[in-house]
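*Asks:* Just so you know, the protein sequences line up as chains A and B, in that order.
Read in order, the letters of the first sequence are residues 1 to 690 in our numbering.
Read in order, the letters of the second sequence are residues 1001 to 1690 in our numbering.
Simulated from the structure, these hints should not be mistaken for lab results.
Beta carbons: idealized from backbone N, C-alpha and C, even for Gly.
Each hint should be verified, as a subset may be incorrect.
Stated by the list, open to error - Pairwise CB distance ranges, derived in the manner of DEER restraints:
#  : chain 1 : residue 1 : chain 2 : residue 2 : range
1  : A       : A532      : B       : K1020     : 38 to 46 Å
2  : B       : K1020     : A       : Q412      : 42 to 50 Å
3  : A       : E227      : B       : P1530     : 37 to 45 Å
4  : B       : K1559     : A       : E69       : 49 to 57 Å
5  : B       : K1648     : A       : V100      : 24 to 32 Å
6  : A       : A58       : B       : D1645     : 41 to 49 Å
7  : A       : P259      : B       : F1045     : 52 to 60 Å
8  : A       : P143      : B       : K1317     : 53 to 61 Å
9  : A       : E69       : B       : D1329     : 50 to 58 Å
10 : A       : K140      : B       : G1462     : 56 to 64 Å
As the list claims (entries may be wrong) - To give an idea of the interface, some chain B residues facing chain A are shown, with a C-beta separation under 8 Å as derived from the structure:
#  : residue
11 : H1096
12 : V1100
13 : R1136
14 : D1344
There are 2 protein chains.
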Amino acid sequence: MDVLKWERVAAGVWKASIGKKELASMDYAGAPKLKALSDMGDTGFPFDRKATRGQVNASGANVRLPLEESEKIYGLGLEFQGINRRSNVYHLKVDHYGGVKGYTHAPVPFYVSSKGYGVFVSTARRPSFHVGIGNRKDSKLPPYVDRTTGGKKWSARPVSDSVEASVAGEGLEVYVFGGNSPLEAVRRYNLFCGGGALPPRWGLGFWHRMHTRSSDADVLKEVDEFEKRDFPLDVLGLEPGWQSFAYPCSFDWDKMRFPDPKRFLDQLSEKGIKVNLWENPYVAPTSTISEALKPYTGSHTVWLGEVPDYTLDGARKVLLDHHQKNHLDIGVSGYKFDEVDGYDVWLWPDHASFPSGHSAVQIRQLYGLMIQDMFMERFREMNRRTYGLVRSSNGAASPSGFVIYSDYYDHQGYVTALVNCSLAGVLWTPEIRSARSDEEWLRRFQSVCFSPLVQLNAWSSGKKPWSFPKVTDMVRDVIKLRTRLLPYIYTAFHDYNQKGIPPFRAMVLEAGFDHTEEIIAGKVHGEKNPYAETTRLETTDQYMMGPSILVAPVFAGQKSRKVVLPRGNWYDFYTGKPAGNGETITIRTKLEEIPLFVKDGGIVPMMPAVNNIDKAKGKIELEVRHYGQEQSTYLLYDDDGETFDYEKGINSTTELKVRRRAGRLTGSSSTSDNQWQSRYGDVSWNFMSQ
Amino acid sequence: MDVLKWERVAAGVWKASIGKKELASMDYAGAPKLKALSDMGDTGFPFDRKATRGQVNASGANVRLPLEESEKIYGLGLEFQGINRRSNVYHLKVDHYGGVKGYTHAPVPFYVSSKGYGVFVSTARRPSFHVGIGNRKDSKLPPYVDRTTGGKKWSARPVSDSVEASVAGEGLEVYVFGGNSPLEAVRRYNLFCGGGALPPRWGLGFWHRMHTRSSDADVLKEVDEFEKRDFPLDVLGLEPGWQSFAYPCSFDWDKMRFPDPKRFLDQLSEKGIKVNLWENPYVAPTSTISEALKPYTGSHTVWLGEVPDYTLDGARKVLLDHHQKNHLDIGVSGYKFDEVDGYDVWLWPDHASFPSGHSAVQIRQLYGLMIQDMFMERFREMNRRTYGLVRSSNGAASPSGFVIYSDYYDHQGYVTALVNCSLAGVLWTPEIRSARSDEEWLRRFQSVCFSPLVQLNAWSSGKKPWSFPKVTDMVRDVIKLRTRLLPYIYTAFHDYNQKGIPPFRAMVLEAGFDHTEEIIAGKVHGEKNPYAETTRLETTDQYMMGPSILVAPVFAGQKSRKVVLPRGNWYDFYTGKPAGNGETITIRTKLEEIPLFVKDGGIVPMMPAVNNIDKAKGKIELEVRHYGQEQSTYLLYDDDGETFDYEKGINSTTELKVRRRAGRLTGSSSTSDNQWQSRYGDVSWNFMSQ
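Input sequences plus hints: build the corresponding full structure.
*Replies:* In structure tokens:
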């Protein structure tokens, strides 16, 4: 293997190329935020360069990077189990998740080391990662142990000194992101890809997806119900039935259900409600754009619909122009792009042909990414932010305003996915659809309210937030709590955009979190564990939201749960009382609460609960909470909430400061408007722990 | 895609090539049995040639064959679930089976249609099969159905008019085997690959694998116990501890446990007992052949042992010469080649390099096959038959005397694998290791006694056949029943060799079996089955053994079970009473019996139970059973049972005939010796149903 040549492409970011340049995910990145990277300061290249290798052989292109025995490796995409990828092999394939690691909606080939660096493999192929497993014969091998005499010393997975990644292709590119902590590496990755997505303000409100056969009248009736029952509503999602044909899709309005789409959209707009349209990309022959797209489609169909090759500009233009004219120009706010992942039995085969000449594998691995990219570009041209959903993604997607979801409905898996999305530069929603009990309904609602996109997806169940009467009030309470936290959450997303800090973060990205893993040594069992494989249990059922809040969701049936508190003092969000410091606590669960903890000095600006974000007019009063005893400063962010003007610095910042004077904590605020007048008004301070 | 050009390569066998010739499984086939194929008569090419297509594109090489809506497709390797592969995608990868279809020990790319033809894709790559799923845009598409209005008419898997297979490689070869029935297609496949394996006679007896840390004294003591307790024993298996180092392997005798291997082997040989040695191919540095093999090994190790590239003659010679000198020449009868399958976390990565230049994927996909091939060749040179085990295989393995096994210990899966092995040209053993109850112990013993290789694998559990005292007598009984059936089973294997008829056969290969499938229509469930996928339940818990016996094993806990009887009269093996005709019967299970049924006219020659096959001297008396009312003829086969001389026609055949004379059934026998004197003596007829 050849020693890799590294090129410094930004402060703290290096790149090496192996073989030929192929279609790759990094092709879709936004412009790197070079100044923000520079502001992070410089950091050294994290490897001995001579130990970094690459080659092209009969299998394709592969890379080898050194690994120390003590390193933990996190990431490799939107996984539903675990967080430490070490001692495992991952084959990263875009697919609907069905329990197989690596085969997931966003199998992002980016990993972060507990040492503090990150590595990204840019490709459109399906990369495989041997993460500290597998030993080259010419490497430093661990000691040999005779299995019949060596007892527990023999390991089925001998320690390896490397991470090796490979693609069955003609080349790949590797990016290395330096850092003194995993969070730094993640920040540099997000910033290099263009910064994280800043959704429109309304996108952080409540989303309700209607039953698929709903008509305009059904929708308006439902909206009335939300109002009557005092439930927040910001986005109304329409499922397949809004189209004249699906599946596959016509992309045209169904004349029976939506005879006057513009009027319908205007009626909702008056209430501040946005509309999001479901679609999948597979083209019905009855679609008005079917003929125009035919020259651009692949050899195979999906659900009998043709599959446009969206690496081709001509195809992009046909779809975008149609959607702009028929949807966006009349007021549609965004999309849910479904079924761009798998399974194999539905999507095109790996041997299908596409007119661009790219392989079917490449098209599939980047399909969700390229669809996001083309729409983000069009929205940007319209100077209008969007927020929507997509069922697959890949690397370099940090700036994309599309959130991933899945039919895999396991609640624990949903929370683990939320944890792992922060290590993949993607956003994820543990959307709620239905439940088998009141308790499960409420607990899922609590989780989704503490996630990037709060959505009830009733496409099939036809449920409403109030469908489980016993817990309706508690459901309403948590949704309203979510709306109250909007200033805090919106600011967190701005930090995602400007500093690359994920708004919802795995605990391993939090300073002071000593990653708790439980290692259960393997015992030989001839039938169940013949190779005495070890089990490793990791903490993936809690996460950070914004700078200060730790979220520890509860699953149905849990009477108590453990919470791992990082070093430093932590306080109960609801009461301000001390909860612990650098320890694992056990709490008794309360049905009406999702456990939340705030770090010492945490400042949480909250607004009054509103039932619609855009309709809230006039100055918004703030209750600004402070927790603990520490002095602190917090920069509350605001802008117009819907255009890209913020990129020109058109925004407003309110500095919230807490200082101790004569033994007492006091707060002050100071607003700085830059061509945008802050919507925030009077500030009431609430020192929760005093 | 181009229309394929077909070349007739034998009676009823055609071949087409796409792209370049690469390393392929058919390279390892034995010489085709052209005369036997000819004797089967001719049959037409089963497709419209113009509808058969192939191409090489950006993804590799792929082939398309037409498929009718009513066809069922069976096969595609040693699968542990189901038998009909239609409407599914299979990615065939040699791996340890762990619940994922396609990733299995013998993912043989051979399938059979209910119409009666077979298709084999010869490659060393991992072929993918779209079996009646996926629709090309330029093919005949089924009707479009709007999902929101079409109700049950909409299908997530629209009917497809083809089977498409593909490899990520530069070419592939396709073989088509004609036939009027699935059995004919399977026979032609087996015959074209060289005919099925004929094991040495002793191989069909009882195999006991010792605990891995056993010494020679331990073994001799165990053998004594078998004798004392009146338990048959033919082969003694030694597990890793017989080697001076493992893992990885030295291949040399451990001096402490086996200080005098030749003496040890002689002692066992006096009792007629053979020894089978466990190994995996990964070379320990302390092995006496480590240096000699080093020039031939791949870039990566497995359990720190180097991996020889056995496509290279030099490597083969080193291993074979060592094994002949140190094992075979002193009396070892065969091997168990372990861990040549997976998992990925243990074996070499797909991007490893090998000195031959073949890719790591190719080497892995054929590794088990090439190891079998090199040893079969050496045994043939020694004019000595072998029987052993191997944990992976591929196509063209029909002549190989190695039986597949797995750590996947699910009993139902084990029986399904036995059913499917007959469609893959491989042999499989549902070996017994341990059990959680007396009942399970007995039921597993019953299954394994009605399989190609009867083995208790106590490498870890240290169990003996008498370890569950409550059922010891019943265990002994079924093992002895197995030994009594040796003449019948041995003859069935000879039919495998000469006619390609698998000795243990899926019911779909039996004339008159109307393949029962239960289709459970999918119902939309937003969380559990959003695409309303259909479930298809197939019969895989019963099989044929030899020409006349139907085996319906019982699983622990089953108080009763259904048995599907093909058309014609069937009789209970134990009583001769009528059981049914072309129907599904429900039987109450008896602990002491494995349910067995015999077809009308079935002739079953049985010998007295013996505790060691090779030590049974003198003429063997036969009890020849006849079932039902039909006249019939059966050719009982015999030969020396241990050399390849039978290939020159050195054998003996005894014709057993049953005729009705004056209303009564009478039997006669007539022996024809050809340079071999039949070991069978007097015949007693037992008309079970009279």
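*Asks:* Are P259/A and F1045/B spaced within 52 to 60 Å by their CB atoms?
*Replies:* Holds, since P259/A and F1045/B (Cβ atoms, about 57 Å apart) stay within the stated range.
*Asks:* Taking 56 to 64 Å as the hint, is the beta-carbon distance of K140/A and G1462/B inside that range?
*Replies:* Violated, since K140/A and G1462/B (Cβ atoms, about 37 Å apart) do not stay within the stated range.
*Asks:* Quick check on the hint: V1100/B CB to chain A CB, less than 8 Å?
*Replies:* holds (7 Å)
*Asks:* Evaluate the given range 49 to 57 Å for the C-beta pair formed by K1559/B and E69/A.
*Replies:* holds (54 Å)
*Asks:* When you take the CB atoms of A532/A and K1020/B, is the distance between them in 38 to 46 Å?
*Replies:* holds (44 Å)
*Asks:* For the hint 50 to 58 Å, verify it against the beta carbon of E69/A and that of D1329/B.
*Replies:* violated (45 Å)
*Asks:* Answer holds if the nearest beta-carbon of chain A is closer than 8 Å to that of R1136/B; otherwise answer violated.
*Replies:* holds (6 Å)
*Asks:* For the range 53 to 61 Å, tell me whether the beta carbons of P143/A and K1317/B fit it or not.
*Replies:* violated (31 Å)
*Asks:* Regarding the hint that H1096/B lies at the interface with chain A, is the smallest CB-CB distance below 8 Å?
*Replies:* violated (10 Å)
*Asks:* Given the hint of 41 to 49 Å, check if A58/A and D1645/B actually sit that far apart at their C-beta atoms.
*Replies:* Because 43 Å falls inside the window, the suggested range holds.
*Asks:* Taking 42 to 50 Å as the hint, is the beta-carbon distance of K1020/B and Q412/A inside that range?
*Replies:* holds (49 Å)
*Asks:* Any CB of chain A closer than 8 Å to the CB of D1344/B?
*Replies:* It holds, given that the least Cβ distance between D1344/B and chain A is near 4 Å, below 8 Å.
Going down the numbered hints, you'll see the structure goes against 3, 5, 8, 9, 10 and 11, while the others check out.
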